[in-house]
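Novice: Make one complex out of these two single chains by using the hints.
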Amino acid sequence: MTTPLISQLIESLRCLPGVGPKSAQRMAYHLLERDRPAALRLAATLQEAVEHVGHCSRCRTLSEHALCPICASPRRDSGLLCIVESPADVAALDQATGFQGKYFVLMGHLSPLDGIGPEEIGLDRLATLLDEEPVQEVILATNPTVEGEATAHYISEMVRQRGIRVTRLAHGIPLGGELEYVDGGTLSHAFNGRREV
Amino acid sequence: MSTKVNLEPSFVLHRTPWRDTSLLIEVFGAVSGRQGLVAKGVRGRRSSRAALLQAFQPLLLSWRGRGELHTLTDAEPGGKVFPLLGTALISGFYLNELLVRLLQRHDPHPELFHSYQLTLARLQLGEQLEWSLRLFECQLLEQLGYGLILGHNALDGEPIAPMEDYVYVPERGPIPAGQAEGIPIHGRSLLALSEGQWPLDEAAPETLREAKQLLRYSLASQLGPKPLASRGLFQSMGSK
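The listed protein sequences correspond, in order, to chains P and S. Each residue of the first sequence is one higher than the one before, counting from 1 in the working numbering. Each residue of the second sequence is one higher than the one before, counting from 1 in the working numbering.
The hints are all genuine.
EDC-like cross-link-like pairs, simulated, lysine to aspartate or glutamate; straight-line CA separation at most 16 Å: (1) 80(S) <-> 183(P); (2) 4(S) <-> 68(S); (3) 40(S) <-> 74(S); (4) 226(S) <-> 114(P); (5) 212(S) <-> 130(S); (6) 4(S) <-> 74(S).
Label-pair restraints from in silico Cβ distances: (7) 147(S) <-> 131(P): 40 to 50 Å; (8) 75(P) <-> 223(S): 49 to 59 Å; (9) 161(P) <-> 216(S): 26 to 36 Å; (10) 216(S) <-> 131(P): 26 to 36 Å; (11) 49(P) <-> 108(S): 45 to 55 Å; (12) 24(S) <-> 131(P): 37 to 47 Å; (13) 161(P) <-> 106(S): 39 to 49 Å; (14) 17(P) <-> 202(S): 57 to 67 Å; (15) 22(P) <-> 171(S): 56 to 66 Å.
Listed next, the stretches of chain P that the computed footprint assigns to chain S, with coverage defined by at least 3 CB atoms under 8 Å from CB atoms of chain S: (16) 145–155; (17) 172–184.
Keep in mind the hints are simulated off the structure, nothing from the lab. For each residue, glycine too, the CB sits at the ideal point set by N, CA and C.
Isolated chain S, as found in the complex (with noise of 0.2 Å):
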């Protein structure tokens, strides 16, 4: 089957040279998901095409072909650079890694496209970094089929209120405390989870330490046993 595709938006996550002057690139499409790519001859001296091919920066871009990798023919700028910096910068890299990682290729993945846009705008301006990623987890494991159940009691389909103890069983869902096995978390950080919003001051640190255990205890199994490599630099650089 041939695919012919017109300057759609797209990311790039991850590129590697190929030969003398092309690049191979992994792209994330606003309609066409994951894809693998062929820049040809973009790295010569005379093009600015692989200053343009750079991830985080919004683009417009055109290929065809059949098969496995398709061949770039066009790359337009779609829109203002996020330009990263720092831990931003190595936020970014994680969520890269995590949709190459966790996506296959030509699955179409729109919503997600649209809250990676999101997660990006909001590391841009330094926001509230750490809740930002633990957001897009959450609709990462959404779009795969493995969305977490976070409104409401998997025992009894009640509510979750707020000042109560739970446990997170996986696979089962959130269950008062001390009636299972499960990751503890507190219902405040369900809800501020589940509704996407920012958690009250005074709980802020305990939700973003639950979250946090949660959802990498979550995307754990996605992943398999590999190492997230993006995640062992954050802590080279907290430890040295």
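Next up, chain P with everything else stripped away, as it sits in the complex (with noise of 0.2 Å):
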């Protein structure tokens, strides 16, 4: 049996995504028996984050400053923008690329059926930004699915409509793959969108 104040937290460790009861009752001794020091760093860091840490005024990324690092930095370029749905796809991009250009976080996706709509995903902040910044291509890097390409779409209207050249990502067959497990969409996607050689 365990005292209140260790169900407590060991409960409220659950609330992280991938941890169940067990590994929660694991993470609560680990942190109680062997690392109590990290445990008040743990805690000293969660208090100030979540305090602190809001949206990038330019980009909508999560940042405890006004504007975050890439949006802040002189070696971006600022005529390319590419656009996410999430905080997570930039760091992807970012490792994955060496993209040089700057970003726009949607945090989201349209998505009717779940009443999120263009303001919801800051589209009116992004037409003020392709207003103001001297954007010269929008690469759109929405998710591959009916709500991604629906927002890349309501996007790209947005953007063509101000005479800016607009680019989505490709769809293809995952590399080291095999085509006979690739699934019907993605494979009719990269054979449409097959190359010459």
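Specialist: Spelled out as structure tokens, the structure:
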């Protein structure tokens, strides 16, 4: 049996993704038995992050500063704007591609059935950004789901009206994959988007 | 009562993430009608099911369970995908929103399933987009038990004359203009809707406008006061 405070700790840890009752219990005992300084640090950092991290005023990603490091960097090319659904997508693209432009983070996608419309994903903010900055190309990197596709279409209309070039990430077969096991939707996209070699 | 369904032709209408790796999906089955299913573990890195379980993709789904939500046990592609783009895609969301809002779970609607499929195919071809939506709305009302009277005059049962003017009185039907208050509509527009025929070219804009008014009004009483989000999306696209 655990005491009320320990139970409360275990219950609180369960708010994390992928943490069930068993792993929450393991984490709680580990922190209390072996690593109390780390536990204090975690508590303090959590407190501070929750209080101070807000959204970047330009690209809407999570940041404790008014401008996130990418938006504030003078080395980044303001002419290239990549539009993604979440801050995790920024990290993924930045690590994998060496993209040197800037981002805009929607924090979601258009989803009429969930009541998420253009305003909820900050498209009014995006419109001002497109008017104010010297953007030459917008790269749409929304997820390849029907909702992501609808979002990409909506934004591409917005961008095209301003005479700016719009591109969309290619959809295709994963590297090292086998055609036989690729789902039909991906395969037909890859087939239609084939390229001259 | 426990249910077990084996590879039923279905469409996903809507999906929401659930827990870490699962999805809650709202599906429209050819035999079972609208169903709520839990698709366990499909969002994981190693699963390609999440790519499959998307709206507008014909599927063969198996599920089992008791109570309100059942568990998805198998999913296979059921035919060629309907790759909807642009306005057709938003129209597709509109169809799905109507179905989620108006159909009761576990109510079978095989005929409506058929017209849903047909409408998706039409949307994909991009032909007469608006008209396809109107015909689907007519079907939907019919299947819900609130079908419109389109072929005859509600006053004396006379067939509708194409060149006459009518007013559509809610819950009664079309009545010659001037004899009651209602939504104004031409005879040829009523007949076009009733026969599902694309109207003659010179009358098309008028018919589209009148059909839209009539169906919007008729659906509104079923939908209640909460606005349709996909309709809002259409409008904001038009005004952008």
